[in-house]
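Those protein sequence lines, which keep their order, are chains A and B.
Mapped onto my numbering, the consecutive letters of the first sequence carry residue numbers 1 to 305.
Mapped onto my numbering, the consecutive letters of the second sequence carry residue numbers 1001 to 1420.
Quick caveat, the hints were computed from the structure, so don't treat them as lab data.
Treat the hints with care, since some could be wrong.
Claimed, not checked - 20 angstroms max Cα-Cα, derived DMTMM-like pairs, lysine to aspartate or glutamate:
1) K196(A) x E206(A)
2) K286(A) x E1114(B)
3) K1230(B) x D249(A)
What follows is each chain in one-letter form.
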Amino acid sequence: MNAVSSTAKSLSRRQFLKLSAVTAGAAALAGVQASAMAASTGVKPGSTPAMLIDISRCVGCSNCQRSCIAANNLHPTSEQLQGLSAQTFTVVQRYDFEGGNTRFVKRQCMHCLDAACASACPVSALYKTEAGPIAYRPDRCLGCRYCMVSCPFNIPRFEWNKGLTPEIRKCMFCIERQEAGQLPACAENCPTGALKVGTREELLREAHARIAAHPRFYVDHVYGEHEAGGTSMLYISDVPFALLGFRTDVTTRPIPAYTWDVMSKLPWVVGGLAAVLTGASIYTRKRNGAHHDDTPPWERPEAGG
Amino acid sequence: MLQDILMLTAFFILRIGVPLLLVIGIGYSLLQRFYGVKLDFSPKFVTGVGLVLALWALAAIAVILRFTDGLGAVTNLSDQFPLGLWIGFDVMAGAMLGGGAFVLAGLVYVFGIERYRPILRSTILTAFLGYVLLIVALLVDVGRPQNILLARPVYFINIHSVLWEVAMCVLCYTVVLALEFSPALFERLRWRRMWRLTHKITLPLVIVGILLSTMHQSSLGSLWLIAPGKLHGLWYSPLLPVFFWISAVAVGLAMVTVESNLSARAFKRGLEQDLLASLGKANAYLLAFYAAFRLADLAVRGQLGLVLRLDLPGVLFWVELGLGAILPAALLMRPQIRKNRDALFAIAAVIVACGILNRLNVSMFSLYSYTGPIYIPSWMEMVVTAGMFTFGAAVFALLARLLPVFPAEHGEQATVPAQV
Ligand code: SF4
Ligand code: SF4
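Work out the full structure: start from the sequences and follow the hints.
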């Protein structure tokens, strides 16, 4: 029942957004906008492939990390293995608590439903695939690194030591493997069931069911359900997320909406300004008469006459 | 780190400095001996040129290193702090400093205030060079500049991306500025037809230029709206695009004063003091409005408490707004001060410096609250930026000698104010 209500909530938020964006302006661009909104949120959030990460079940074996390295043919240095890097798409981070308690958190791209990086990228090098994951096309990437600024989870990594062919690097949710009907490498090799792949709808239901079954054990929060407008990677945990290095101040509003608020008003501002300037210049012409001098300066009779 | 710097400096002196000096020294003494050539430069001038040349050589080395070994070899940027000085100064501040051109062009052509015409051309030239350097800086800063040169953004359009819009506007506006300046070139070449053509389309060009400027000056602020929670509360505001536009106008106008004063000194020409004073007066009101608006925005967002803190952001904020807007506004309101040429120049210089600080605050320092102070520009980044800045100034000086940029040298337009 939780899942149903949450989908309904996210739907209504989406509609509200759409509505407010339209009323806020850009009625002239309504056609463009409607299609653009559809493009960025077109994939039904329910059926998008997703992963449920249950932090309480992770034993920190790092199998996921190793299989990711193998599947993506990565060559990390030992230093690069410490965190996400151009050669580390997923990393298992260790958190020690008093009393000898330890938790492990697997990190990777969250594959946001309405991804900041995809909306920020000027050439759509980072883009949302039909299926849902956020993928990357290096052939058009400018290397501007604006995606890195925009990502609310600080995921994209850049190859700082390549002269002309650096790429943006991050987890692609094993798109090719998934298309071939396989599981993402990390999930396939997780021995404890801490990683579970499915559609987002299913997994949200499962997450809430697990929390409901052990309400005293789990924190009552599915990280990624609403963060940044919803992500495909969902976390549940028995330790507060704030203690596990999760950003807890991420807005629940889709990040792209923050810039689209302004962008969608620009046509109006520019149109209005154009009208004012044209009017003013016509008026000026009228008032000053035909003072407009078409003779080049070097052919004019001495000035001041 | 220190070792690297020492190594590089040593290499630079040995491989570049010493040979260059040897060639120049030997060449000059040979010329002097056999041909009786005698250069008569003041020692000050020679040192200046030498320093600038050294700077350019260093900058060239840094740029080459960047293209061979990557951005990591030259900059202090990292995955945690991906954009730095080249974006903050060369792009963000560079565009702002060119803001005077669209304002002055609008005043003269659209609103027919002809008395500003004498300082228009030099302003447009400054802006044009500024934008060209902005594009060059961008080509150095982005990871895959070849994709810009292949015009990828023209084919692959993402209307959701603020950066795409900025890129397009900057590109178009640079062309517009070139066209707006081109009558000066045709005047020198005495190409009648071309002069007429460019002269005729000036008004529509100016209007388009104002629209493009409005779009990208504001959007340079919108760029940062994509990072809610990453920028410090003193700067992150949904009104950032509006603030960027207003400050581009105000600082752009102050830049006109600075540039006029500098060129008046360099070229020993007269100064349009009354024009600059009237611009200063307008700027006083604009800056006062800007400061009030900024504070009101903070109050509405409930962040006013932040300005009372004496931490780094608080201090930066007060330098930027207090020293750069409130104080100049108060001073420029007084006619005696506006009449004083040196005072006007100094105030304008302060406005410009604090305007630059504002752009650095938004794009670099305000991120410290999120990332920690993990980024300080490397000396190579600074050298490249300084090199570009001086290069722009040198090209300006050259063009100002070759083309009719200043009215005083040509004389025919200086009396136009009388007609209004
Ligand atoms: S987590 Fe960051 S990189 Fe991944 S989809 Fe979201 S915005 Fe993009
Ligand atoms: S670095 Fe590449 S992927 Fe990232 S925003 Fe720029 S063009 Fe897009």
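Hints violated by the structure (numbers, ascending): Structure breaks no hint.
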